[in-house]
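**Q** Using the sequences and the hints, build the whole thing.
As you go down the protein sequences, you meet chains A and B in turn. In terms of my numbering, the first sequence opens at residue 55 and continues consecutively. In terms of my numbering, the second sequence opens at residue 43 and continues consecutively.
In case anyone wonders, no lab produced these hints; they're calculated from the structure. Just so you know, not all the hints are guaranteed correct.
Below 35 Å or equal to it, Euclidean Cα-Cα: the simulated DSBU-like pairs (lysine-lysine) are [what the hints assert, rightly or not]:
{"no.": "1", "chain 1": "A", "residue 1": "K234", "chain 2": "B", "residue 2": "K157"}
{"no.": "2", "chain 1": "A", "residue 1": "K155", "chain 2": "B", "residue 2": "K162"}
{"no.": "3", "chain 1": "A", "residue 1": "K391", "chain 2": "B", "residue 2": "K303"}
{"no.": "4", "chain 1": "B", "residue 1": "K204", "chain 2": "A", "residue 2": "K327"}
{"no.": "5", "chain 1": "B", "residue 1": "K204", "chain 2": "A", "residue 2": "K348"}
{"no.": "6", "chain 1": "B", "residue 1": "K303", "chain 2": "A", "residue 2": "K200"}
{"no.": "7", "chain 1": "B", "residue 1": "K277", "chain 2": "B", "residue 2": "K263"}
{"no.": "8", "chain 1": "A", "residue 1": "K348", "chain 2": "B", "residue 2": "K277"}
{"no.": "9", "chain 1": "A", "residue 1": "K427", "chain 2": "B", "residue 2": "K306"}
{"no.": "10", "chain 1": "B", "residue 1": "K277", "chain 2": "A", "residue 2": "K312"}
{"no.": "11", "chain 1": "B", "residue 1": "K277", "chain 2": "A", "residue 2": "K82"}
{"no.": "12", "chain 1": "A", "residue 1": "K310", "chain 2": "A", "residue 2": "K250"}
{"no.": "13", "chain 1": "B", "residue 1": "K303", "chain 2": "A", "residue 2": "K289"}
{"no.": "14", "chain 1": "B", "residue 1": "K204", "chain 2": "A", "residue 2": "K200"}
{"no.": "15", "chain 1": "B", "residue 1": "K277", "chain 2": "A", "residue 2": "K250"}
{"no.": "16", "chain 1": "B", "residue 1": "K277", "chain 2": "A", "residue 2": "K103"}
{"no.": "17", "chain 1": "A", "residue 1": "K153", "chain 2": "B", "residue 2": "K277"}
{"no.": "18", "chain 1": "B", "residue 1": "K162", "chain 2": "A", "residue 2": "K310"}
{"no.": "19", "chain 1": "B", "residue 1": "K162", "chain 2": "A", "residue 2": "K312"}
{"no.": "20", "chain 1": "A", "residue 1": "K234", "chain 2": "B", "residue 2": "K162"}
If you want the ones that stay clear, here's a sample from chain B, every Cβ over 12 Å from chain A, calculated [said to hold, decoys possible]:
{"no.": "21", "residue": "A96"}
{"no.": "22", "residue": "E98"}
{"no.": "23", "residue": "G159"}
{"no.": "24", "residue": "R245"}
We treat Cβ as the ideally placed atom computed from N, Cα and C, and that holds for glycine.
Letter by letter, the chains look like this.
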Amino acid sequence: MEIRVNESTCTGCSLCRGACLYDAIEIKDGKAVIGETCVFCGACVESCKFESIEIIGLDTEEKDFSGYRGVWVYLEAHGNELADVGLELLSEGRKLADKLKVPLSGIAIGSGIEENSRIAFQYGMDKLYLIDDPIFENNIDDIFSKALVQLISKYRPEIFLAGATSFGRTLAPKAAAILKTGLTADCTGLAIDDEKKILLQTRPTFGGNILATIITRNARPQMATVRPHVMEKIKTAVDPGNVQDKIIKIKIDPKKFKTIYKMLGTETEKGEKINITDYEVIVSGGRGLGGGEKFELLKELAGTLGGVVGASRAAVDSGWISYPHQVGQTGKTVNPKIYIACGISGAIQHLAGMQTSDIIIAINKDPNAPIFKVANYGIVGDLFEIIPMLVKRIKEGKPLV
Amino acid sequence: MKIAVCIKQVPGTTDIKIDPETNTLVRQGIENIINPFDTYAVEEGVRIKERLDADEGFSGESEIIAMTMGPPQAEEMLKEAVAAGVDRVVLLSDRAFAGADTWATSTTLAMAVDKLGDVKLVIFGKQTIDGDTGQVGPEFAQRMNIPFIGYVSEIMEISAKKIKAKRLAGDRYEIIEVRLPAAISVIKDINTPRVPSLRGKMRARSAEVPVWTASELGADKDEIGLSGSYTQVVKIFTPKTVHDVSMIEGTPEEQVEELFKNLKGLNIVS
Chain A
55 MEIRVNESTC
65 TGCSLCRGAC
75 LYDAIEIKDG
85 KAVIGETCVF
95 CGACVESCKF
105 ESIEIIGLDT
115 EEKDFSGYRG
125 VWVYLEAHGN
135 ELADVGLELL
145 SEGRKLADKL
155 KVPLSGIAIG
165 SGIEENSRIA
175 FQYGMDKLYL
185 IDDPIFENNI
195 DDIFSKALVQ
205 LISKYRPEIF
215 LAGATSFGRT
225 LAPKAAAILK
235 TGLTADCTGL
245 AIDDEKKILL
255 QTRPTFGGNI
265 LATIITRNAR
275 PQMATVRPHV
285 MEKIKTAVDP
295 GNVQDKIIKI
305 KIDPKKFKTI
315 YKMLGTETEK
325 GEKINITDYE
335 VIVSGGRGLG
345 GGEKFELLKE
355 LAGTLGGVVG
365 ASRAAVDSGW
375 ISYPHQVGQT
385 GKTVNPKIYI
395 ACGISGAIQH
405 LAGMQTSDII
415 IAINKDPNAP
425 IFKVANYGIV
435 GDLFEIIPML
445 VKRIKEGKPL
455 V
Chain B
43 MKIAVCIKQV
53 PGTTDIKIDP
63 ETNTLVRQGI
73 ENIINPFDTY
83 AVEEGVRIKE
93 RLDADEGFSG
103 ESEIIAMTMG
113 PPQAEEMLKE
123 AVAAGVDRVV
133 LLSDRAFAGA
143 DTWATSTTLA
153 MAVDKLGDVK
163 LVIFGKQTID
173 GDTGQVGPEF
183 AQRMNIPFIG
193 YVSEIMEISA
203 KKIKAKRLAG
213 DRYEIIEVRL
223 PAAISVIKDI
233 NTPRVPSLRG
243 KMRARSAEVP
253 VWTASELGAD
263 KDEIGLSGSY
273 TQVVKIFTPK
283 TVHDVSMIEG
293 TPEEQVEELF
303 KNLKGLNIVS
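**A** So this is what it looks like as structure tokens:
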């Protein structure tokens, strides 16, 4: 495989150089020269106004995938409750399935999950593939991926979607590796290519500063994990009627599902909500808080909004709050409906973890704090004054002015 | 015990800006660094070695090998890993590796680990800051057919036969034990990487960085690089999320009232 610049049409305009994420292009003697850091991402090919760059030697032979049909969504469960992300993906999967004119199915694997899995029929699901067995009591991913692979191999969907949760991001790669197919991590946009009828998987990369659209070129199913909260959960039927014959129950032989993992126990942080990516509202605190006890203030606000507390790296490194709360490059990437940044200046590493939030509200003393550049609403002020007042306003419901 | 640590060189900042006039990327003066999560992986490898060396119940030597797949200039990063305490390094570099997706990357790493021989533990960082996928670890482990524990925040026990680790799993921590060989990925919580010692820096200066190419790995061209990838980037663009910040002015009371109204408009409060 090779990337070539057509020297007779290249004008040395350096548009490709600007488009390269990997600093691989130099302009020498008025022509673009592509160096060895090139990863064949194709950004330069697209940027070139003169169609002077092409990637050649890639096997583009089209395989016949007509044996693969349907859109599948993995319904992640916590205990016997379905996680929201599965329902969000059903709503998105419905659009994809309609465009392809194929059925939309949910896959539920767990212990005692049959009843709650039926809820998914209210979100546009046509069929449910269900494996309900006590061996799936704990979320031990190896037996889940094994069960999933068996279902996919047997029923051959063309598209498989799972939530980009910590469980989904371990389960899906394992399944993809066994199935020998592609997997695109952490997508925020999905669409069907009108002409080729393939899945266009768009995901943020480089800390959310770049979006890349990815295809699964020569294998099926086309697998993707999708960020929670990105897709909208849409109820399509209050009462889906009799769904009994739409449930395909699969019996498995528990002897063939012996895990190689020994789960010795679990620990939770006392009274702390640490899975911050699960929440629609995050109230985050940074250096401006000045101390760990000040997080109580944020907890109170988060509590009134049904949200959770996040933190900048500075706050975590100061020992004010535990690491699972950290948002940013070396913490978690979150995209809640509302992100309230309190006393966070907005270092680029923090922005990388939260700039895709729907609405960002920033409260900071410094009017020049970079956080205001990504915020929708900004308040220059003292958070120790603003936040208690806001909590009071919400709780008491009396206008302040 | 042989322990491999898989690391990656990434741009030192993801602050890649768009020139509004030419609509192209500006990445001036960006230095390449070791992926931040990988610094914890390297440190943990070194700590395991120290731990096993001090463990009277454990006989035999331990060796930590840092490995990366990347362009020739990744050599610098590998030398930093030597300074941080790893025993030796390997650079997997070949034009044929370019364009690899997570699957082709895990294939290449698996071949290299096979070539190292008798590796008992492979440590990854949780994810890279440029690709952000976190997929290479689990795909690698599946390919090697060994267990994988992701998001590890503490290695509680390790012996010649097994590893017991605590991992962050959503809203809780799970304590998991598996037999070796195994692979893990680590999060920032696991340690605080040490500052390289003077001796480490000296070692790094004279460290050899052997380069393994595709043919040395016995890799078939169809298994590696873009040819061996199941996924392919077809478009790269910048998000159109130019926020128009609306600054809420006035007295603190006025600011809070206005903010409250906005929250109400968003159906967050009633």
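**Q** Each hint should be assessed against the structure and marked as holding or not.
**A** Results of checking the hints against the structure:
1. Proximity of K234 (chain A) to K157 (chain B) is assessed by CA-CA distance (about 22 Å); at most 35 Å being required, the pair is judged to hold.
2. At most 35 Å may separate the alpha-carbon atoms for a hinted pair to count; K155 (chain A) and K162 (chain B) exceed this at roughly 49 Å.
3. A hinted pair counts as satisfied when its Cα atoms are at most 35 Å apart, and K391 (chain A) with K303 (chain B) qualifies at roughly 16 Å.
4. Of the pairs offered as hints, the one joining K204 (chain B) and K327 (chain A) holds, with about 31 Å between alpha carbons and a cut-off of 35 Å not exceeded.
5. Between the alpha carbons of K204 (chain B) and K348 (chain A) the distance comes to roughly 42 Å, so the proposed pair goes past 35 Å and is violated.
6. For a cut-off of 35 Å, the pair hint linking K303 (chain B) to K200 (chain A) is broken: about 50 Å separates their Cα positions.
7. Straight-line distance between C-alpha atoms of K277 (chain B) and K263 (chain B) comes to about 24 Å, which keeps the hinted pair within the 35 Å bound.
8. Under the criterion of a C-alpha separation no larger than 35 Å, the hint pairing K348 (chain A) with K277 (chain B) is inconsistent with the structure, at around 45 Å.
9. About 23 Å separates the Cα atoms of K427 (chain A) and K306 (chain B), which keeps this hinted pair within 35 Å; it holds.
10. For the proposed pair K277 (chain B) and K312 (chain A), the alpha carbon gap of about 42 Å is over 35 Å, so the pair is violated.
11. For the given pair, K277 (chain B) sits about 26 Å from K82 (chain A) by alpha-carbon distance, which is consistent with the 35 Å threshold.
12. Between K310 (chain A) and K250 (chain A) the CA atoms are separated by roughly 39 Å; this puts the pair beyond 35 Å, and the hint is violated.
13. About 28 Å separates the Cα atoms of K303 (chain B) and K289 (chain A), which keeps this hinted pair within 35 Å; it holds.
14. Distance check on the hinted pair: K204 (chain B) and K200 (chain A) sit about 23 Å apart at the alpha-carbon level, within 35 Å; holds.
15. With a C-alpha separation of about 16 Å, the suggested pairing of K277 (chain B) with K250 (chain A) holds against the 35 Å cut-off.
16. For the hint pairing K277 (chain B) with K103 (chain A), the CA-to-CA distance comes to about 15 Å; that is within 35 Å, so the pair holds.
17. Only pairs whose Cα atoms come within 35 Å are accepted, and K153 (chain A) paired with K277 (chain B) is accepted, the gap being roughly 22 Å.
18. Of the pairs offered as hints, the one joining K162 (chain B) and K310 (chain A) holds, with about 26 Å between alpha carbons and a cut-off of 35 Å not exceeded.
19. As the CA atoms of K162 (chain B) and K312 (chain A) are separated by approximately 22 Å, the hinted pair is consistent with the 35 Å bound.
20. At most 35 Å may separate the alpha-carbon atoms for a hinted pair to count; K234 (chain A) and K162 (chain B) meet this at roughly 25 Å.
21. Remark: the non-interface label on A96 (chain B) is consistent with the geometry, its nearest Cβ contact in chain A lying 24 Å away (cut-off 12 Å).
22. The beta carbon of E98 (chain B) is kept farther than 12 Å from every beta carbon of chain A, the shortest such distance being approximately 24 Å.
23. At roughly 22 Å, the least C-beta separation between G159 (chain B) and chain A is larger than 12 Å, which holds for a residue marked as non-interface.
24. For R245 (chain B), the condition that its CB be more than 12 Å from all CB atoms of chain A holds, with the nearest at approximately 27 Å.
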